[in-house]
Amino acid sequence: MRSVWRTEARRGLAWPRPVFYALDRRLLRAIGLVVLADGVVGVSFGAIAVSGGQPAWVPLVMSSAVFAGGAQFAALYIVLGGGAPAAAALAGLVLNARLLPFGFAVADVLDRGWPARLLGSHLVVDESVAFALAERDPARRRAVFWTCGAALFVVWNLGTALGVLAGRAVGNPDALGLDAASPMVLLALVLPALREPAVRWAALTGAAIALAATPFLPGGLPVLLALAGLAAVAMPLPGGRGRRGRPKAGAEGQA
Amino acid sequence: MTIFAILLLAGGTYALRAAGPSLAGRIAPSARVRWLLSVAAAVLLCALVATSALTSGHGFAGWARPAGVLAGGVLAVRRAPFLAAVVVAVATTATLRLLGVS
Numbered sequence: 001m002r003s004v005w006r007t008e009a010r011r012g013l014a015w016p017r018p019v020f021y022a023l024d025r026r027l028l029r030a031i032g033l034v035v036l037a038d039g040v041v042g043v044s045f046g047a048i049a050v051s052g053g054q055p056a057w058v059p060l061v062m063s064s065a066v067f068a069g070g071a072q073f074a075a076l077y078i079v080l081g082g083g084a085p086a087a088a089a090l091a092g093l094v095l096n097a098r099l100l101p102f103g104f105a106v107a108d109v110l111d112r113g114w115p116a117r118l119l120g121s122h123l124v125v126d127e128s129v130a131f132a133l134a135e136r137d138p139a140r141r142r143a144v145f146w147t148c149g150a151a152l153f154v155v156w157n158l159g160t161a162l163g164v165l166a167g168r169a170v171g172n173p174d175a176l177g178l179d180a181a182s183p184m185v186l187l188a189l190v191l192p193a194l195r196e197p198a199v200r201w202a203a204l205t206g207a208a209i210a211l212a213a214t215p216f217l218p219g220g221l222p223v224l225l226a227l228a229g230l231a232a233v234a235m236p237l238p239g240g241r242g243r244r245g246r247p248k249a250g251a252e253g254q255a
Numbered sequence: 001m002t003i004f005a006i007l008l009l010a011g012g013t014y015a016l017r018a019a020g021p022s023l024a025g026r027i028a029p030s031a032r033v034r035w036l037l038s039v040a041a042a043v044l045l046c047a048l049v050a051t052s053a054l055t056s057g058h059g060f061a062g063w064a065r066p067a068g069v070l071a072g073g074v075l076a077v078r079r080a081p082f083l084a085a086v087v088v089a090v091a092t093t094a095t096l097r098l099l100g101v102s
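Going down the list, the sequences are from chains A and B.
Number 171 in my numbering belongs to position 171 of the first sequence; there are no gaps in the numbering.
Number 23 in my numbering belongs to position 23 of the second sequence; there are no gaps in the numbering.
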């Protein structure tokens, strides 16, 4: 997968830099924007929880211990709607099932001993995975994953706390159009991978399957069903034509 | 929400996240499996884009959000900066809502 940010390639610069700070300003700004947008959503999470009658510790503990926006909102809405807490937890887990393959996809970023694995695993979220997959260079992958994940964690929790404090005073973030930010961010990050035809077919097939299943299945499952789209690239192998292993440059971000 | 339910969700979520990073070193998957895993991640991300842009709950999300993502998406495909694409998406959706398009 190629970087979304092409400053380096365009300028052809190759100055030596410290391994950790393999992030240029453009990339940092992009991360900052994503983190900011998610922070606002975090504010609304805290506000919706307390104005729905939940005690303050509920959104605070959820944001730090669960740290997965979609699952947190799903679980919260089920409880606010009168559902059983256990059912809310299960619905959240189904939504988070996608984190399992995501964890495998970024495992190379977390191969520096168990403390990094322990801590880094908690930072596996859609955005940090998408940013990491958009980079090919291992140092940049590592830097972008940790920076995005850690910044998101801090701002998501700060946002939640702010929302808890503000309570009902917080308006609806949808009025600001912020619900368009999350799909847009993920789209921009995944686009370079789609330049490879095999990946594009698998992804489009998967997306179509997920959309078709959405009216009928509980949240989270349609996205998992999209994995059936993988058959579009997995099948041709035995014939031996093309893509075998494919370790060369391509859409893979050496998972 | 009970503390038990939150811990169940948190613990389960952590296990899902940590399985890959802690198992990958031991299994040493082949290059093809690693390629398939990264394609799987791209497929899941795309499905997330499609469902979160177009649907809300079990139904259509309304026109404002998909229109915003489409506007930003066109910019992104034309290699506009990331920032511009996201700002245009959000601004388009907000403007449409301001005009009364849900």
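It cannot be assumed that every hint is accurate.
Partial pick of chain A residues on the chain B-facing surface, computed with a CB cut under 7 Å [said to hold, decoys possible]:
1) S51
2) Q54
3) A56
4) G69
5) A181
Since the hints were made in silico from the structure, they are not lab data.
Heads up, the beta-carbon is just placed ideally off N, CA and C, and yes, glycines get one too.
Do the hints match the structure? See the list:
no., hint, result
1, S51, "violated, 14 Å"
2, Q54, "holds, 6 Å"
3, A56, "violated, 12 Å"
4, G69, "violated, 11 Å"
5, A181, "holds, 5 Å"
Hint violations for this structure: numbers 1, 3 and 4, all remaining hints satisfied.
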